[in-house]
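Hey, can you work out the whole structure from these sequences and the hints?
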Amino acid sequence: MLIAPLFFARKRVEFSFSTDSRLLTAADFGEVFQNSCCKAGDNAFFLLAGKNKNEQARLGLAIAKKQLRRAVDRNRVKRMAREAFRHQQRMLEGLDIVVLCRSGAVGLNKVQIRRKLEQLFDKIAHHNDR
RNA sequence: GAAGCUGGUCAGGCAAUCGCUGUGUUGUUCGCAAUACAGAGGAAAGUCCGGGCUCCGCAGAGCAGAGCGCCAGGUAACGCCUGGAAGGUGAAAGCCUAUGGAAAGUGCAGCAGAAAAUAUACCGCCUACGUACGACUUGUCGUGCCGGUAAGGUUGAAAUGGUGUGGUAAGAGCACACCGCGCAGCAGGUAACUGCUUGUGGCAUGGUAAACCCCGCUCGGAGCAAGACCAAAUAGGGGGACAAUGGAGUGGCUCGCUCUGUCCUCGGGUAGGUCGCUUGAGGUGUGUGGUGACACGCAUCCCAGAUGAAUGGUUGUCCAUGACAGAACCCGGCUUAUCGACCAGCUUCCUCU
16 MLIAPLFFAR
26 KRVEFSFSTD
36 SRLLTAADFG
46 EVFQNSCCKA
56 GDNAFFLLAG
66 KNKNEQARLG
76 LAIAKKQLRR
86 AVDRNRVKRM
96 AREAFRHQQR
106 MLEGLDIVVL
116 CRSGAVGLNK
126 VQIRRKLEQL
136 FDKIAHHNDR
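In our numbering, the protein residues as written are 16 to 145.
Because the hints were derived from the structure by calculation, they are not lab data.
Hints should not be assumed to be uniformly reliable.
[Claimed, not checked] Label pairs and their calculated CB-CB ranges: (1) Lys125 <-> Thr40: 26 to 32 Å; (2) Lys81 <-> Ser31: 31 to 37 Å; (3) Gly109 <-> Arg84: 32 to 38 Å; (4) Leu39 <-> Val126: 27 to 33 Å; (5) Val87 <-> Lys66: 31 to 37 Å; (6) Gly122 <-> Ser31: 27 to 33 Å; (7) Gln49 <-> Gly122: 20 to 26 Å; (8) Gly119 <-> Arg94: 31 to 37 Å; (9) Ser51 <-> Gln134: 26 to 32 Å; (10) Phe30 <-> Lys125: 15 to 21 Å; (11) Asn90 <-> Phe30: 27 to 33 Å; (12) Glu70 <-> Val121: 23 to 29 Å; (13) Gln134 <-> Gly109: 16 to 22 Å.
In this text, a Cβ means the ideal position worked out from N, Cα and C, and glycines have one as well.
Laid out in structure tokens, this is it:
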């Protein structure tokens, strides 16, 4: 009787995406840009990571209108980034990550965006372990 | 059945699961948790018009500038919509039109053409009238001059009403008939405008106003990063009390002035936060008035409100294999993008009965 609620509680923490796991203020973003410890990128996206004091990983999105002109495209990238982060946040604990967008992101479909971002998050996690 | 026209509706569905935002309820260790419900569009887009709302000298007059422009109506308002008129276009249903003024003024018109705006004459046509010369049959003919003419030809986007008859030297609204046009009258219409077997005038006022301009109407400016409130740290300001006849500076000294300590208090205000923020020119149904846009009445419903910015991911399944595309203060329009599907009405043609 007591085991079931505990199981669900743990699972929730693993995959949730509340305000705790986001960069909220300009100061938070500034911190990452100033004191980044590692980075990863390809022609479409660029990730910057910095250490934070919490146990949680946090995500910030900086998708420029210059690269992706249509709101629909920007929304798609943001959603995919959040989704990828949500599934991989356990191995990124203690990091603040900002996702930036490059010109190569134009014309990618959902699957391509997801795959690219997952690879980049992997790279960051790997780099952090060493 | 085929081709087409007009108006309207929809914009993948269902299930499971992992998330996000808001609201209600319950619990709470006041962090939050559980649960129920709701959660992008017809264009949310372009920001091209018009309003509401907010602040700014409460915006009156004149000038400038901008916009609009057949008539009537609708509307909070409009450059929008509805109905009508005129013109154009199509075989038709229909569709399109910046559609006021060119007898207030100014300007413009390449090439071609004789001539492009007040009349003119290149090729033509004519030689009646006047005149010169010649011929001879002595009143005719020929040639020239002075001229007449705009029927015909040539140019152009556009050439000073058209057709016919008379007329004439040849011609000409020169005259007449019909058509067209102007003005007046009558009739219909709220009006734009239309009609007339009415009268009258030989007959205009070439085009261009998305050229200046004239006439009529409209317009104060800036925008939710509007604006209102709360307000840390740091620095500084106003007022009061206390210590105390204190200290420092200015100065030879006194007064004076300036600076300085502690506490209280006031206001401004940055980071940040809250409100503005979704109940509205609102939706749905229905009745009445109106050709219609729409208006009014009644009943009923509450239907996104984020703020590093939610409305999504994965899996299964069905089909027609899913286009254009994402709210950011809110409405009314316009314009542009769009795979398709469906409904209603209408037009033409074909087949059958």
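Status of the hints after comparison with the structure:
no.: 1; hint: Lys125 <-> Thr40: 26 to 32 Å; result: holds, 30 Å
no.: 2; hint: Lys81 <-> Ser31: 31 to 37 Å; result: holds, 32 Å
no.: 3; hint: Gly109 <-> Arg84: 32 to 38 Å; result: holds, 35 Å
no.: 4; hint: Leu39 <-> Val126: 27 to 33 Å; result: holds, 30 Å
no.: 5; hint: Val87 <-> Lys66: 31 to 37 Å; result: holds, 35 Å
no.: 6; hint: Gly122 <-> Ser31: 27 to 33 Å; result: holds, 32 Å
no.: 7; hint: Gln49 <-> Gly122: 20 to 26 Å; result: violated, 33 Å
no.: 8; hint: Gly119 <-> Arg94: 31 to 37 Å; result: violated, 19 Å
no.: 9; hint: Ser51 <-> Gln134: 26 to 32 Å; result: violated, 19 Å
no.: 10; hint: Phe30 <-> Lys125: 15 to 21 Å; result: holds, 19 Å
no.: 11; hint: Asn90 <-> Phe30: 27 to 33 Å; result: violated, 21 Å
no.: 12; hint: Glu70 <-> Val121: 23 to 29 Å; result: violated, 37 Å
no.: 13; hint: Gln134 <-> Gly109: 16 to 22 Å; result: holds, 21 Å
Checked against the numbered hints given earlier, this structure breaks hints 7, 8, 9, 11, 12; the rest are met.
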